[in-house]
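Top to bottom, those sequences are chains L and H.
For the first sequence, position 285 matches number 285 in our numbering, and the numbering has no gaps at all.
For the second sequence, position 92 matches number 92 in our numbering, and the numbering has no gaps at all.
None of these hints come from the bench; they were simulated from the model.
Computed from a prediction, not measured in an experiment: that's the story for all the values here.
Any given hint could be a false lead.
As the list claims (entries may be wrong) - If you anchor each label on the Cβ, the simulated ranges turn out as follows:
| no. | chain 1 | residue 1 | chain 2 | residue 2 | range |
| --- | --- | --- | --- | --- | --- |
| 1 | H | 23 | L | 189 | 52 to 58 Å |
| 2 | H | 140 | L | 119 | 24 to 30 Å |
| 3 | H | 134 | L | 145 | 23 to 29 Å |
What the hints assert, rightly or not - Covered by chain L, per the in silico footprint, the following chain H stretches (three or more residues, Cβ under 8 Å):
| no. | segment |
| --- | --- |
| 4 | 40-52 |
| 5 | 115-129 |
To be verified - Covered stretches of chain L, as calculated for chain H (at least 3 residues, CB under 8 Å):
| no. | segment |
| --- | --- |
| 6 | 94-105 |
| 7 | 163-169 |
| 8 | 342-348 |
Beta carbons are placed, not taken as given, at the ideal position from N, Cα and C, and that holds for glycine.
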Amino acid sequence: MLTIYTDLLCIGAGLAGERAAVEVAGAGFNVICLSLVPARRSHSVAAQGGMQAALGNAAMGEGDSPDVHFADTVKGSDWGCDQEVARLFCDTAPIEMRRLASWGVPWNRVVAGVHTYYKGGKPFEKEERKEKEGLIHARAFGGTAKWRTCYASDGTGHSVLYTMDNRAAQLGVEVHDRVEAISLIHDGGNCLGAVCRCLRTGKLVTYISKATLIATGGFGRIYRASTNAIINDGGGLIAAIETGVVPLGNMEAIQFHPTGIVPTDILVTEGCRGDGGTLLDADEYRFMPDYEPEKAELASRDVVARRMTEHMLKGKGIKSPYGDHLWLDIRHLGEKHIRTKLREVDEICQSFLGIDPVHQLIPVRPTQHYSMGGVRTNKDGAAYGLSGLFGAGEASCWDMHGFNRLGGNSLAETVVAGGIVGGRIAEFLAGCELAIRTSVVRDRQALDEERVKNLVEKSGGSENVYQVREAMFDVLQEVAFIYRNGKDLESGVERLKEILARAKNVRLRSGGVGANPELALAIKLPGMVKLAQCVVYGALKRTESRGSHTREDYPERNDRDWLTRTLATWREGADVPTLDYEPATPSFELPPGDRGYGGGRIIPMDNPPAGPGADKE
Amino acid sequence: MPRNLTFNIFRYNPQDPASVPHMDTFVLGETDSMTLFIALGRIREEQDPSLQFDFCCRAGVCGSCAMVINGRPGLACNTKVKDLPAEITLLPLPFFKLVGDLSVDTGTWFREMYQRVESWVHTERVFDPAQEEERMDNDTANRIYELDRCIECGCCIAACGTARMRKDFLGAAGLNRLARFLIDPRDQRTEREYFELIGNDQGIFGCMGLLACEDVCPKRLPLQDQLGFLRRKMALSVLPWKK
Ligand SMILES: Cc1cc2nc3c(=O)[nH]c(=O)nc-3n(C[C@H](O)[C@H](O)[C@H](O)COP(=O)(O)OP(=O)(O)OC[C@H]3O[C@@H](n4cnc5c(N)ncnc54)[C@H](O)[C@@H]3O)c2cc1C
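Okay, chain L solo, but in the shape it has when bound (with noise of 0.2 Å):
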């Protein structure tokens, strides 16, 4: 088998992966990323709306600053969050919006004038300051007090990765594309690099490295609706649980992004909503100042998704051969706004649904969209249970999410993360010596290789991977979507066992020589049924609601007893993982309160920590 060696190997080549990786090539170490397709083309590539820094420049940006950055991220995780981690997060964020400036970022800037914006339909007026002229400007994002989302028209995603992806070239960061992790390679202790399939040849190849990152991005394609790009499958996660001693934190926290299209679920971003988009219902009235009089459309994403689809259970919907769906509005904002400030909206209106969202409405509904679990690290982007290993991005919990992610902040996660990790590799980099027994590297190669091999020679299994994927498919979106509750939960843990069996059991129809797609599926069908029941077993588990994990039979968010984080754990033969919890966060600089919007009623710890009670908005 082929065997290359690097200082890190970087499995992912999104923002998050990239980032870190100049930052390591930077201090002047031999760095591979390894990616299944080129790496612009992922998925980070995709987003619209922008990342949140608290630069203060935009007129209704003033007076914005890391704190109240901060507290919007702490109400948005539900409290959920590492607050230390997003207290990190929230400093760095606007140097590193100014570094990528400087590589080359095309940010919009402030144009110095009075202008014209729109709020809940609504024209209003704002004067951005002569001062201010020509610095990064920003834009407004749901669950945020400022105006604080820097963007790029709305290519920020293309644009950003662009970028670093240029700087990678520059610092001559290798990437291998086509090229998928399927195990990672360990002593129990360290991590010592991964097995990977050539997505080209099919030929397995072997990665040896000191120090390796999962940076490989969301797992929403676990879900038959997601906004994902259909490679989210989860690669990295499923590495990591397969070791049996790495947990991935919080599975069960799932977001649901309000605006997916009906039906391909390709999302339109929340800028429309921010730039003054409202929803309406079959009657075409506007419903969501009846839910959440001060925010309206622009709660946070989690209380949006849930009151669509509240509203939509009370028959409001309108009727669709796909399902039922409400209605995204965007016409007021006039022509010249949406053909430029929101051209891809328009461009993905166009393209998919033949519709004009100058004169027509556009078919939305709540839908998979960002996984705030992952591949559990500590604040310097270690993952817990091997050394050596890392976590950054999308795959990862970090954990400045919690259990709500905010519009803009993932982004702004993956170049920050990218960054403050990139660094600790690069120190825990310094002076490492790899000691590897060999028969470590040979059994890992082994077992890949023998997989490989009974699925191709067809020994044994009858199972359909299609047929498979699709039956875990029905499970999570009939019990783990919007609304959870035990019952449907118990039922999906029971199915998904048995599904996983079936996943285990697959025939290949077609040869499987080369780089066969069905192959490729069959090898990763049976960690992605594991991470499904990681999702479901985990909501099972939580008895309370919080961010975007709703149980129907526990409608409080329980401070007293679920201010934690679920850590995940595969033992080898088991059917459902090891559950463990660890606190949210090892110190309180806002302690837990009420969001300001979202309602719901909190149980509050039996000993609150000291300090300023959350100010209520």
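The hints should help you fit chain H with the ligand onto chain L, whose structure is shown.
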């Protein structure tokens, strides 16, 4: 009455010694709002799980799924079958190395392009985290963004007459990338330095002005304008009285 669609799809698996290039035919019933993304997914799942093609964002922004659709390079994910006749022929993009069936390796070509045009901001300035960012006019930012919108799908290269004849031609995507840095005030390269990168037949003087690149660009980038702009700039930059 929904149509029955006939797909003629190019097949070849270079990894399989038994495979020879040929066309396969698949028949599929048309459904509402069907795109080639939906159709190809169904063919793989229901008829032939070995069929290779690339989709990633499936939302027209990542550039993965470019292929030749009834004779014309384009993105498969945002091609609605209702805009096509009942007989649909799909071929992989020419020019790029074939991975298998409809999948081609554009990644390697584009990475070489970044090195050739040095696709990054060249500057002596050292980033100072304590300083406010350098100011920029918003119109300039917008103009850079316009040229930054290329999604590296490879359609313009696949459609290019020059690229067909010379494998080392930078193509519209490569030249557009350079134009993006040329108009960026943060990049301190001189016109002379730019000229050294592209002032030859592999670069700006290789373009025959056939316009196919702009025609097929799924992002409708103003590629011909950029080529003209570069050609004028480059011609001027070598005149003796310019520095
Ligand atoms: C449609 C959409 C719009 C969004 N808009 C915004 C926004 O406006 N603002 C915001 O803050 N957030 C937004 N988000 C969220 C944000 O874009 C993502 O969380 C973020 O980009 C993730 O970056 P990443 O680097 O962690 O992962 P990704 O960019 O997904 O990169 C993952 C990388 O890992 C590689 N990979 C995966 N598995 C393997 C494997 N097994 N082996 C090898 N390589 C592998 C992939 O090829 C890829 O290179 C949006 C998300 C979506 C879905």
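Against the structure, the hints come out as follows:
Range check, residue 23 of chain H to residue 189 of chain L: Cβ separation about 54 Å, and the 52 to 58 Å hint holds. At about 29 Å, the CB distance of residue 140 of chain H to residue 119 of chain L agrees with the hint of 24 to 30 Å. Checked against the hint of 23 to 29 Å, the pair residue 134 of chain H and residue 145 of chain L passes, with Cβ atoms roughly 28 Å apart. Check result for the segment 40-52 of chain H against chain L: holds, 7 residues qualifying (beta carbon to beta carbon below 8 Å, three or more required).
Closer than 8 Å: that is the beta-carbon criterion, and the segment 115-129 of chain H has 9 residues meeting it against chain L, so the requirement of 3 holds. Taking a C-beta to C-beta cut-off of 8 Å, the segment 94-105 of chain L contributes 8 residues in contact with chain H, enough for the three needed, and the coverage statement holds. Only residues whose C-beta sits within less than 8 Å of a C-beta in chain H count toward coverage, and the segment 163-169 of chain L has 4 of them, enough to reach three; the restraint holds. A stretch counts as covered by a chain when three or more of its residues have a beta carbon under 8 Å from one of that chain; for the segment 342-348 of chain L and chain H the count is 3, and the coverage holds.
Hint check: no violations occur; every hint is consistent with the structure.
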